[in-house]
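Given these sequences and hints, build the entire structure.
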Amino acid sequence: MPELPEVESLAIYLRERAAGRVIDRADSAAVSVLKTYRPDLTELRGRIIETAVRHGKFLDLVAVDEAAGSEPLHLVMHLARAGWLRWRENLAAEPPRPGKGPLAFRLRFTDGAGFDLTEAGTQKRLAVYLVADPAEVPGVAALGPDPLADDFTVDVLAGLLAGRRTQIKGVLRDQKIVAGIGNAYSDEVLHAAKMSPFKLASSLTSDEVEWLHQAIMSTLRAAVARSAGLAAGDLKAEKKSGLQVHGRAGQPCPVCGDTVREVSFADSALQYCPTCQTGGKPLADRRMSRLLR
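Under the working numbering, the sequence shown has 140 at position 141, and the numbering climbs by one with no breaks.
Simulated from the structure, these hints should not be mistaken for lab results. Just so you know, these numbers come straight off a predicted model, no measurement behind them. Errors might be hidden in some of the hints.
Capping the alpha-carbon separation at 25 Å, the derived lysine to any residue pairs in SDA-like fashion look like this [said to hold, decoys possible]:
| no. | residue 1 | residue 2 |
| --- | --- | --- |
| 1 | Lys193 | Thr204 |
| 2 | Lys235 | Gly100 |
| 3 | Lys123 | Leu147 |
| 4 | Lys34 | Lys193 |
What follows is a set of in silico ranges between Cβ atoms, one per label pair, in the way DEER data are often shown [what the hints assert, rightly or not]:
| no. | residue 1 | residue 2 | range |
| --- | --- | --- | --- |
| 5 | Gly19 | Cys255 | 48 to 56 Å |
| 6 | Asp173 | Gly246 | 18 to 26 Å |
| 7 | Asp266 | Ala236 | 18 to 26 Å |
In this text, a Cβ means the ideal position worked out from N, Cα and C, and glycines have one as well.
Set out below in structure tokens:
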């Protein structure tokens with residue numbers, strides 16, 4: 000799933016390529032992808048892309064109508080687990096035909112360039128919204144603070160963790176608590192913080208909260224920096240190459256050399272290093288088992 004660093008990079012990528020271009024048409028190629036019906040997608044025609052911004056894991060294209068002087072429209076996109084953005088310099092003028100393939104949505108500009116949103120697999124969760132205000136998107140309205148914002152301080156993080164008898168791994172992944180961190184980067188953050196993924200959030204000492212904050216900042220900023228200047232098609236490979244423990248079960252930890260372990264759940268898995276994070280002890284392989292604190 001694209002997380003904060005990849006979506007931030009996609010926003011930069013679109014600001015560089017799409018800003019200033021005039022929209023020719025926007026088309027949904029899958030019944031499930033478009034979550035709003037007013038304004039209609041046809042209202043994007045003739046509008047100019049002003050900028051692209053990020054809200055957590057949501058990508059937001061801001062389209063303005065300079066001639067009419069009307070309020071901007073926001074094309075908000077969530078790529079879900081298996082979605083991706085593919086820029087094309089020459090898109091067909093005719094609308095895409097709905098079908099069973101990976102194409103979910105297409106935005107074409109008057110010069111023929113544009114992008115497709117594609118989604119692999121059978122679980123179609125990619126979502127597109129056209130709204131006057133990003134806060135009209137339920138997922139955006141519910142987002143917690145952004146960890147790359149200047150006001151995301153140690154004290155703010157401490158307040159978010161206080162009283163939460165929830166495993167820290169789950170807290171970091173909860174978009175209503177902290178925006179933008181998913182399964183992969185929560186593993187990476189906790190490895191950098193040398194912290195068990197099953198440690199209760201409310202049990203962190205003030206020093207541990209500070210270490211966690213530093214790990215969040217350094218991990219996300221480094222990932223964004225590594226992605227700077229890359230084409231959209233190269234971001235997935237860059238993400239995979241930069242991960243220390245996530246997706247690397249059975250491989251040596253790049254910090255200590257111990258074997259990276261995995262805990263599997265019904266629909267996901269986490270990876271960690273026992274030496275770096277749990278005092279050398281392997282975690283139980285099921286959520287209901289006795290877990291390390």
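Review point. Is the straight-line distance between the alpha-carbon of Lys235 and that of Gly100 25 Å or less?
Key: holds (20 Å)
Practice item. Would you mind confirming whether the straight-line C-alpha gap from Lys34 to Lys193 stays at or under 25 Å? Key: Roughly 40 Å separates the two Cα atoms, so the pair is violated.
Check your understanding: Are Lys123 and Leu147 close enough, with their CA atoms no more than 25 Å apart?
Key -> Violated, at about 29 Å.
Exercise for review: State, for the Cβ atoms of Asp173 and Gly246, whether the hinted interval 18 to 26 Å holds or is violated.
Suggested key: Once the Cβ atoms are compared, 21 Å apart, the range 18 to 26 Å for Gly246 and Asp173 holds.
Check your understanding: Per the hint of 18 to 26 Å, is the separation of the Cβ atoms of Asp266 and Ala236 within bounds?
Key -> holds (24 Å)
**Study point:** Proposed proximity, Thr204 with Lys193 (alpha carbon, max 25 Å)
**Key:** holds (14 Å)
Check your understanding: Between Gly19 and Cys255, is the Cβ distance one that fits in 48 to 56 Å?
Key -> holds (49 Å)
Checked against the numbered hints given earlier, this structure breaks hints 3 and 4; the rest are met.
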